[in-house]
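Novice: Residues per chain are reported as follows:
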Amino acid sequence: MSPRLYRGAKVAAEIAVPIAMLAGWQLWAVSADDPKFPRPTTILVEFRRLWLFSEFGTHVLPSLERIGIGFAIAVVLGIALGIPLGLSRIGRTAAMPHIEYWRAIPPPALLPISIVLLHSIGNVQKVSFIAFFCLFPVLLNTIDGVRGIEPTLVDTARSYRIPAHERIRRIVLPAALPQIVAGMRNSLSLAVIMMVLSEYFSSTSGIGYVLLNSKNTFQFLPMWAAIVLIGLLGYVLNLAFLLFERRALGWHRGWRATAPA
Amino acid sequence: MLEIRRLSKTYGTGPDAAHAIGDVSFTVDPGEFVCVVGPSGCGKTTLLKCIGGLLRPSAGEVVLRGRRVTEPPEEMALVFQEYSRSLMPWASVRGNVLLPLRHKQLSKRERESLVQEALGAVGLLRFIDRYPWQLSGGMQQRVAIARALAYQPSILLMDEPFASVDAQTRSDLEDLVLRLRHEFEMTVLFVTHDIDESVYLSDRIVVLTHAPTEVKEVVEVDLPRPRDQIATKELAEFAHLRAHVYRLIKREVSVPTPETSVPVSGTEV
Chain C
769 MSPRLYRGAK VAAEIAVPIA MLAGWQLWAV SADDPKFPRP TTILVEFRRL WLFSEFGTHV
829 LPSLERIGIG FAIAVVLGIA LGIPLGLSRI GRTAAMPHIE YWRAIPPPAL LPISIVLLHS
889 IGNVQKVSFI AFFCLFPVLL NTIDGVRGIE PTLVDTARSY RIPAHERIRR IVLPAALPQI
949 VAGMRNSLSL AVIMMVLSEY FSSTSGIGYV LLNSKNTFQF LPMWAAIVLI GLLGYVLNLA
1009 FLLFERRALG WHRGWRATAP A
Chain U
1097 MLEIRRLSKT YGTGPDAAHA IGDVSFTVDP GEFVCVVGPS GCGKTTLLKC IGGLLRPSAG
1157 EVVLRGRRVT EPPEEMALVF QEYSRSLMPW ASVRGNVLLP LRHKQLSKRE RESLVQEALG
1217 AVGLLRFIDR YPWQLSGGMQ QRVAIARALA YQPSILLMDE PFASVDAQTR SDLEDLVLRL
1277 RHEFEMTVLF VTHDIDESVY LSDRIVVLTH APTEVKEVVE VDLPRPRDQI ATKELAEFAH
1337 LRAHVYRLIK REVSVPTPET SVPVSGTEV
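The listed protein sequences correspond, in order, to chains C and U. Be aware that the first sequence starts at 769, since it is given in the numbering used here, and climbs by one per residue. Be aware that the second sequence starts at 1097, since it is given in the numbering used here, and climbs by one per residue.
Calculated from the structure, these hints are not laboratory results. Treat the hints with care, as some may be off.
Among chain C residues calculated to face chain U with C-beta under 8 Å, some are [claimed, not checked]:
#	residue
1	Ser-799
2	Asp-802
3	His-887
4	Ile-917
5	Arg-926
6	Ser-927
7	Glu-934
8	Pro-942
9	Leu-1000
10	Tyr-1003
Note that the structure is predicted; figures quoted are calculated from it, not measured. Just so it is clear, CB atoms sit at the ideal spot from N, CA and C, and this is done for glycine as well.
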């Protein structure tokens, strides 16, 4: 098979399966005629009506904002805490039980208390909730990445008397970056989950709010439209992140390909 | 220039303590090329790390130009054996050579000219924008050497720098180091387990014993300079010195192993 033909076949296979599934759903929905399971074509129309763009500003933007800010806080805090903890054994001994404890708690268990504690049903509570749970993957991966630094490189930096801030900027951070970025990717998908969850309760805006509110009022069309949007959102965010990763870690792919294990 | 006085290093305490270095003293004069050889596992790297200020000796001291070494001294640069580990894979060749210069009080132009000069000296100027992992092993070690040169040390410490490259590259790198040492007027302390290499390079060879390490003998090498891979190694004096160092070390090796029982040229001990 020629490379072009092969690529064509690959793309076709990638697209063919979802199309077949949608077609199957469509056929089944037509025959079932159940309001809980509308036809994909009807959902598509609803999707356009809701999100493109009458409710975009009122519900999609707030959700994106929460994801964006919560994720950003988690990344900054995770790296800022992870580097000193990765470098300090005593720091790790002191911090790890707490990290493991809070990480073990399922997010829904903390949702009510986050509302009480933060005296807030607005963005502060939602952003904090997202940031809190997105923190752990970044934090733990940063700690791991920093610990895994090549000792020879540390000795090299010491022997050249590289000052601490330069050492962190030029050596520690780049060395840990592949792991940090892997943690960020996990956090980003968590952020979408936490966004939906946080908007289920005491909320008046957001995609999660639309989803649950539609269900509670037996409006199954907007409910489905919200589900489709959330799926797309996660997909697109992950794709965008992969592009960022490719740019930020270009050296890593090349190096791994040549490294003798 | 450099004095090692009754240096010893013990890891751990009590009955589990490991005496890596027993009692080592020797000196390196300004401009001298001194090789340290010893049987495998005799603590050569530990010794070098103590000298480089990376490890604190348990007793004794290292004195560089009259000052006791307690941390890595500014006028000393260290080249490690594992070039692939001591170079930063995320930085270009330029970035790697620049690393020890960023915190020096230099202008941007001075830094760049030091980088250029150092890379020119090792013949890698045209690879300045490559990543180190895009280069061969020998070239990567030359990047590490260039980084040390750019740092402008008065003494260069090298820890088995050519142990991971092939034989041909190794002789090229040996000649490169001899030339650079001359051009940059550096003192060199070179740890190796290759006896041929030590005789070929040095003015003096410090032969070490097994751990707990002591100095077995200091061998003067008065082979004519400049050294030449063929002509120097043809000399009767070279063969004689080589055999002498070999015997010193062989007596240290209690159980002969296949690699050490036959003295072949370039044999590692």
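Novice: Determine for every hint whether it applies to the structure shown.
Specialist: Comparing the hints with the structure gives:
1. Ser-799: 58 Å, violated
2. Asp-802: Violated, about 55 Å.
3. His-887: 45 Å, violated
4. Ile-917: This hint is violated: Ile-917 of chain C lies away from chain U, its Cβ roughly 10 Å from the closest one there, beyond 8 Å.
5. Arg-926: 6 Å, holds
6. Ser-927: Holds, because the Cβ-Cβ distance from Ser-927 of chain C to chain U comes to roughly 4 Å (cut-off 8 Å).
7. Glu-934: OK, holds: Glu-934 of chain C within 8 Å of chain U, min 6 Å.
8. Pro-942: 4 Å, holds
9. Leu-1000: With Cβ-Cβ at 34 Å, over 8 Å, it is violated.
10. Tyr-1003: 29 Å, violated
The structure fails to meet hints 1, 2, 3, 4, 9, 10 from the earlier list, while all remaining hints are met.
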